[in-house]
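**Q** If you read the protein sequences in the order shown, they are chains A and B. In terms of this note's numbering, the first sequence opens at residue 1 and continues consecutively. In terms of this note's numbering, the second sequence opens at residue 1 and continues consecutively.
These aren't lab readings, by the way, just hints derived from the structure by calculation. Mixed in with the good hints there might be a few duds.
[Unchecked claim] Derived SDA-like pairs (lysine to any residue); straight-line CA-CA distance at most 25 Å: (1) Lys352/B with Leu395/B; (2) Lys113/A with Lys470/B; (3) Lys45/B with Pro173/B; (4) Lys454/B with Ala141/A; (5) Lys108/A with Val474/B; (6) Lys113/A with His419/B; (7) Lys14/A with Pro173/B; (8) Lys454/B with Arg140/A; (9) Lys63/B with Asp176/B; (10) Lys352/B with His419/B; (11) Lys113/A with Glu473/B; (12) Lys454/B with Lys209/A; (13) Lys108/A with Met417/B; (14) Lys72/B with Lys380/B; (15) Lys470/B with Arg61/A; (16) Lys454/B with Met417/B; (17) Lys145/B with Gly169/B; (18) Lys14/A with Met379/B; (19) Lys151/A with Lys64/B; (20) Lys454/B with Ser136/A; (21) Lys470/B with Ala141/A; (22) Lys72/B with Glu420/B; (23) Lys108/A with Lys64/B; (24) Lys367/B with Met379/B; (25) Lys454/B with Tyr210/A; (26) Lys64/B with Trp54/B; (27) Lys151/A with Met417/B; (28) Lys230/A with Tyr210/A; (29) Lys470/B with Gly148/A; (30) Lys108/A with Ile466/B; (31) Lys63/A with Asp116/A; (32) Lys470/B with Asp116/A; (33) Lys209/A with Glu238/A; (34) Lys25/A with Lys239/A; (35) Lys454/B with Lys113/A; (36) Lys113/A with Ser441/B; (37) Lys454/B with Lys14/A; (38) Lys470/B with Lys25/A; (39) Lys223/A with Asn64/A; (40) Lys454/B with Phe146/A.
Here's the letter readout for the chains.
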Amino acid sequence: MLDIQDLHAGVDNKEILKGLSLNIKPGEMHAVMGRNGSGKSTLSNVITGREGYYISKGDVRYKNESIIEWPPEQRALAGLFMSFQYPVVMPGVNNTYFLKSALNAKRKHNGEKELDAAGFLKLIKEKLTELDMDTSYLQRAVNDGFSGGEKKRNEVLQMLTLEPELSILDETDSGLDIDALKIIADGVNKYRSPERSFLVITHYQRLLKYIEPDVVHVLIDGKIVRSGGKELAIELEEKGYGWLES
Amino acid sequence: MSNDQQIIDSNINKEYEYGFVTDIESETIPPGLNEEVIRLISHKKEEPEWLLEWRLKAYRHWKKMKTPNWAKINYPDIDYQSISYYSAPKKKELSSLDEVDPQLLETYNKLGIPLEEQKMLSGVAVDAVFDSVSIATTFKDELKKAGVIFCSFSEAVKDHPDLVQKYLGTVVPYTDNYFATLNSAVFTDGSFVYIPKGVKCPMELSTYFRINEANTGQFERTLIIADEGSHVSYLEGCTAPMRDENQLHAAVVELVAHKDSTIKYSTVQNWYPGHPDTGEGGIYNFVTKRGTCLEDNARISWTQVETGSAVTWKYPSCILKGDNSVGEFYSVAVTNHHQQADTGTKMIHLGKNTKSTIISKGISAGKGQQTYRGEVKIMKGAEQARNFSQCDSILIGDSCGAHTFPYIDVRNPTAQMEHEATTSNIGEDQLFYCNQRGISSDDAVSMIVNGFCKEVFNELPMEFAIEATKLMEVTLEGSVG
Ligand SMILES: Nc1ncnc2c1ncn2[C@@H]1O[C@H](COP(=O)(O)OP(=O)(O)OP(=O)(O)O)[C@@H](O)[C@H]1O
Ligand SMILES: [Mg+2]
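For reference, chain A alone in the conformation it holds in the complex (with noise of 0.2 Å):
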């Protein structure tokens, strides 16, 4: 599904991925942890296509191809998603439309009909109902005034909605409640199935208790220093970074 070698990659003339290698096949769950700073939002930003962001070695590539010159929305036409670490305030754009034109821009580019107003609502309403939010949320600004914990529970609205293939989850877990960390880990783990990928990066264990990870990553100054199973997770709440580093 994502098959990432040796990516050097950097913001404004600063390399942050210093030889990242990560293969994820379909299916599968990675969880990718480390400190503030290592890079993770960077990868995230790179296998997504952000300008601004540079790569000077290597290749990613998606479902067998090399993406590294894609614009970003083509990606996302592809079924590539990301669960932004910040959400970003959209003021005046509603919800609704906004989702549905999303939505319906996929659709197209599927080759499916567009749906209207009417079957565009009949499927969100399930999935609110699913991750247990209101229906005023629809008439909202894409995350106007919206709580830390909602936007991160809007973000999974929409990837529900849109059926990625490859969801990127950049730290979702935080800024959620207990109740709502167990709900988005329910529509997470509901939506797992032999086709679609996953990338989740948090800093907490918690989250992979409830979405259990086929590999976890420890990713240290742009490099994965360690790979293994769910309980690498468990041992590094325990003893930290600290051992892991040369």
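Model the placement of chain B with the ligands on the given structure of chain A, informed by the hints.
**A** For chain B with the ligands alone, coordinates are given in the frame of chain A:
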């Protein structure tokens, strides 16, 4: 033949000797501006003596005036002697759409303008059974039944001279400002509306229905009178891009609202903005629009969507004379590429409990420069006057500019004033957020901009609002890389 007529005629003939290549039957007067030209215009239009006198007074006044230079706009000096001040209602007819600039056609198609209308707009001869002609006819019958007068200014001068004489220049006097004074001297046509006492105009009045009737030209004059207790909504312009060989446009609009009446005036201005790379050939649009709430409980509401022209200089204003009268200004202005706009409003509070609202939304992209200039004046007698102003600007890219100049002059301590202003950017993060959800940058921009303009679009009549939304999309297309 009257004495005056003789003078006019002899003068015309004199001019003819001096090189006028056209005779009285011809369509266009050669370039140049002097009293003879004004007499000629008035004569050709068979105007009454008082109107000629009024034009001449304006012209004499104009000669003593200087071009205003306080606005934040740059344009080359205009040579007023190189302009032709009269051309008869005749457009160059093309035989098919194939002869029309393909770029223009592309825009029409993007706006979803039907083929027959495209022909009309671009000056291609249309079939006799053209839809809007028949619509216009039914339309006229219905208005007639209601007693509403809606005609060209020239017709009004002929058929309702008393009304025209009573109101012309009462809101925008011929001495008002450089461009309005010039317009008073040389205006060729425009619209006239009179809504009688107690009548709610049965439909939106749109200049659109008058499009093939008269070539209103570059010096347009509009006068709208709402008599006691009446109500009218007037739409000016259309979303289709309009080209004009005349670069200078100096229109005047006067609104008179009597007791308990309402005038709602909506504009969509989409004149040619000039070449995208150089700004060359774009229209200079210097407009004076003003309304008076003459008596108690009158209401005047201006809504404008300004997307066209190379230079826009325009401040639709309200004089709130009557007690409890209300003035409103809702504006969306877009400047892209090399466009410049200096626009805003004036609200002059004279009566008690008068209330004004200003909502201005400016969007700048490319190398566009935009200024909001607003004045709120609360005069001594305006007890308990209230104003709310909100001026928001949004910038797309970093080569454009937005400037805000709110002037406030309060001479009555009971006044309540509220002013809010914001400037924001369409951020890289917002675009990326949209892109990451599969939404293209163009769609993202129009989504953000439409959200930004919502308050103003809500004031537009329904179908105009939909067109305006589309128009914004087309205007801002490609404004982000
Ligand atoms: N635009 C930028 N210019 C300069 N340095 C940057 C820029 N963006 C990120 N960095 C730096 O790159 C490093 C990696 O940042 P990144 O956001 O990827 O960290 P992270 O692992 O996601 O951290 P956190 O756990 O705090 O979210 C940090 O040191 C950060 O300061
Ligand atoms: Mg991060």
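**Q** Kindly indicate which numbered hints from before are broken by the structure, ordering the numbers from low to high.
**A** 1, 6, 7, 12, 13, 14, 15, 17, 18, 19, 23, 24, 25, 27, 29, 31, 34, 35, 37 and 38
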